[in-house]
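The residues making up each chain are set out below.
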Amino acid sequence: MILGRFLAGGLKSPVILISMLVILGIGVLVPVLNLAVPPSSPFHVADHLVPLYGKYLCYGMAALALDLVWGYCGILSLGHGAFFALGGYAMGMHLMREIGTRGVYGDPILPDFMVFLNWKELPWFWYGFDSFLFACLMVMLVPGLLAFIFGWFAFRSRVTGVYLSIITQAMTYALLLAFFRNDMGFGGNNGLTDFKDVLGYDLQSGQVRSALFFLTAFFLALNLLIAAAITGSKYGKILRAVRDAEARTRFLGYRPENIKLFAWVVSAVMAGIAGALYVPQVGIINPGEFAPANSIEMVVWTAVGGRGTLVGPIGGAVLVNAAKSWFTGVLPEYWLFALGGLFILTTLFLPEGVAGLIRKAFGRRAKAPKGKDEETDQPVADATAGE
Amino acid sequence: MTEIPVKIPAEPKSAPKAPPKHAPVPSARKDTLLYLDGVSRSFDGFKAINELSFVLMKGEMRAIIGPNGAGKTTMMDIITGKTRPDKGDVFFMGDVDLTKHDEPTIAQMGIGRKFQKPTVFETQTVADNLLLSLKGERRGIPALFYRSNKPDRQRIDEILEVIRLERRRNELAAFLSHGQKQWLEIGMLLAQDPKLLLVDEPVAGMTDAETEETARLLRDIAVDHSVVVVEHDMGFVRDLGVKVTCLHEGHVLSEGSLDHVSADPQVIEVYLGR
Chain S
1 MILGRFLAGG LKSPVILISM LVILGIGVLV PVLNLAVPPS SPFHVADHLV PLYGKYLCYG
61 MAALALDLVW GYCGILSLGH GAFFALGGYA MGMHLMREIG TRGVYGDPIL PDFMVFLNWK
121 ELPWFWYGFD SFLFACLMVM LVPGLLAFIF GWFAFRSRVT GVYLSIITQA MTYALLLAFF
181 RNDMGFGGNN GLTDFKDVLG YDLQSGQVRS ALFFLTAFFL ALNLLIAAAI TGSKYGKILR
241 AVRDAEARTR FLGYRPENIK LFAWVVSAVM AGIAGALYVP QVGIINPGEF APANSIEMVV
301 WTAVGGRGTL VGPIGGAVLV NAAKSWFTGV LPEYWLFALG GLFILTTLFL PEGVAGLIRK
361 AFGRRAKAPK GKDEETDQPV ADATAGE
Chain D
1 MTEIPVKIPA EPKSAPKAPP KHAPVPSARK DTLLYLDGVS RSFDGFKAIN ELSFVLMKGE
61 MRAIIGPNGA GKTTMMDIIT GKTRPDKGDV FFMGDVDLTK HDEPTIAQMG IGRKFQKPTV
121 FETQTVADNL LLSLKGERRG IPALFYRSNK PDRQRIDEIL EVIRLERRRN ELAAFLSHGQ
181 KQWLEIGMLL AQDPKLLLVD EPVAGMTDAE TEETARLLRD IAVDHSVVVV EHDMGFVRDL
241 GVKVTCLHEG HVLSEGSLDH VSADPQVIEV YLGR
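In order, the protein sequence lines correspond to chains S and D. Using the working numbering, the first residue of the first sequence is number 1, and each one after it goes up by one. Using the working numbering, the first residue of the second sequence is number 1, and each one after it goes up by one.
Any given hint could be a false lead.
[Unchecked claim] Cut-off 20 Å, straight-line C-alpha distance, at most; resulting in silico cross-link-like pairs (EDC-like, lysine to aspartate or glutamate):
| hint | chain 1 | residue 1 | chain 2 | residue 2 |
| --- | --- | --- | --- | --- |
| 1 | D | K82 | S | D244 |
| 2 | D | K47 | D | D31 |
| 3 | S | K360 | D | E171 |
| 4 | D | K135 | D | D44 |
| 5 | D | K243 | D | D31 |
| 6 | D | K82 | S | E257 |
| 7 | S | K12 | D | D193 |
| 8 | D | K243 | D | D220 |
| 9 | D | K117 | S | D244 |
| 10 | D | K243 | D | D44 |
| 11 | D | K87 | D | E60 |
| 12 | D | K117 | D | E255 |
| 13 | D | K117 | S | E246 |
| 14 | S | K120 | S | E98 |
| 15 | D | K82 | S | D197 |
| 16 | D | K58 | D | E255 |
| 17 | D | K135 | S | E98 |
| 18 | D | K243 | D | E60 |
| 19 | D | K135 | D | E158 |
| 20 | D | K135 | D | D89 |
| 21 | D | K87 | D | D220 |
| 22 | D | K87 | D | D102 |
| 23 | D | K100 | D | E158 |
| 24 | D | K87 | D | D97 |
Calculated from the structure, these hints are not laboratory results.
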């Protein structure tokens, strides 16, 4: 009950409610247009587009996770791709175990790459991944635990600002190097792929694709609600206070390291869930997901969409990735320039991103009468102030 | 999210009875609220605080004056746990050793601090600034489930009235004038309901009218709180009408009424001699 009340707090803002409904609506609409509308109709969504849109929603979830720490807590993480990839690997490991005897080597227990490496036994950290529930738990637990350990030390030693960003970047780079190694036991360079099915259903079938798409939309909407409830609570106010004046909060008796740690861990778990939904839809997870460039792209999505607005970064991720899909089709060699240019333009002209732009366009009209109130207020309140 | 390890008696007026397991509190600091003895702290060889001894009784209000670099801010840093002294004793309520605690613990024990440069949470409303400062729960997770309640709202209303910002309660703190930010920060101190308020240069950059108003505000607060005010403005210190301590080069140069201190040849030397 207390949890329900907490989540209801996230619905205080109509923007959040509308956004959730839109996301869930898309979650239903895309599968319907794919499955129920005949391919001859102009409204039909082609098969290959469903997982592509699903991928965008996963990126949106990652951007939402990043916004929770960057927008509300001032932690510019350049390593959120690590949490995303770890969630993805946890899900990938389960999908590998589900392949069973259908692999190239037909080993009932060992995934193909282990047979290829002449391994005789399953490494201990692969135990349990044959269970879907265990894998789901690990999807949240592994990124969450890494974030907890990382945050515990980083925040306690009062590492902030650009130094913290650099450490997060180093973290994901270290994981990139580690996962590249064959003897780590995660498929090395090639990562995990050739998935066959999930919970016994064929991953290639239209229904499973649609179900995955809907699940992604559902979890995106749920995470948006959780993030809105967190940032809308008194804790969210403390979080912003820490962002704006960390030292000041200490003298009020708060422990900024603990305040930050909670948001940091929640954010990592969200990114992990995004990664776990991403893997079955794109069909592969490899160490490239740990590449620092991926994490930096998440920052661009968040900035373009509107840092500190929750909904904005989701839109930013979808927009930028849709542009990427289009650009890499038309002018592949110029995409990175376009991305860099977009980031610079956003930083210079749209500090609050697209969401800020929209808010300004709508807000000006809504706020006009309020401004008058303030004016009549001022002389009274300022009578003794004078400044 | 740790518990406060030290329990402080709620009533500031009554002398704290030292728990039997501790060594008896020396009589010299038994009734003191703040007790600094032989405190030194140097930064790269520069002695910011040098053998400083300072005693504040319960319920007392004290003004600290002194030229720039006299060690006023370092002294506040030491009391609030931001800086550790190299040597010397720092006790709160007679028997709590402040050198053993960090900023959040000391803040929760009941020492509030207002900074020289007003630091309020600019992106939040005036009322929310006070809400965040209200005495009580300081852990993050319970704050997720916090619900606005009548006593809290009443307390915020009271404070808004005291600091004369009732009509700006829903505005962002960033839109306040400099003087109003100073008051808001004093209001945040009040919301913490501390046993001791440390107020660093509250009237710097204020107009005369604001300065007078601030003196009134601090005198009101001093009725039921102990206050230490650091200030350069002599007119303001005179308005406060309290005992004055003059610091110079990290130790106490003179102490007494403002007239006594300003007649002290050493003080005149320090202030006028150069």
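### Query
Does the alpha-carbon distance linking D:K243 and D:D220 stay inside the 20 Å limit?
16 Å, holds
#### Entry: Given pair status - D:D97, D:K87, alpha carbons within 20 Å
13 Å, holds
### Task
Take a quick look at whether D:K100 and D:E158 sit within 20 Å of each other, Cα to Cα.
35 Å, violated
#### Entry: Straight-line alpha-carbon gap D:K135 to D:D44, limit 20 Å
38 Å, violated
### Task
Would you check the hint for D:K117 and S:E246, treating anything up to 20 Å between C-alpha atoms as holding?
15 Å, holds
### Task
Starting from D:K82, check that the Cα of S:E257 is at most 20 Å away, please.
16 Å, holds
#### Entry: Holds or violated: D:K243 to D:D44, with C-alpha atoms at most 20 Å apart
Between D:K243 and D:D44 the Cα gap is close to 33 Å, so the pair fails against 20 Å, i.e. violated.
### Query
Can the restraint linking D:K47 and D:D31 be considered satisfied, given a maximum Cα separation of 20 Å?
Between D:K47 and D:D31 the Cα gap is close to 30 Å, so the pair fails against 20 Å, i.e. violated.
### Message
What's the verdict on D:K117 and D:E255, does the C-alpha distance respect the 20 Å limit or exceed it?
### Response
26 Å, violated
### Agreement of D:K82 and S:D197 with the hint, judged by alpha carbon distance not exceeding 20 Å
Measuring from Cα to Cα gives roughly 57 Å; hence the hint is violated.
### Query
Is the Cα-Cα distance between D:K135 and D:D89 20 Å or less?
28 Å, violated
### Message
Between the alpha carbons of D:K135 and D:E158, is the straight-line distance 20 Å or under?
### Response
14 Å, holds
Of the numbered hints stated above, those contradicted by the structure are hints 2, 4, 7, 10, 11, 12, 15, 17, 20, 21 and 23, listed in ascending order.
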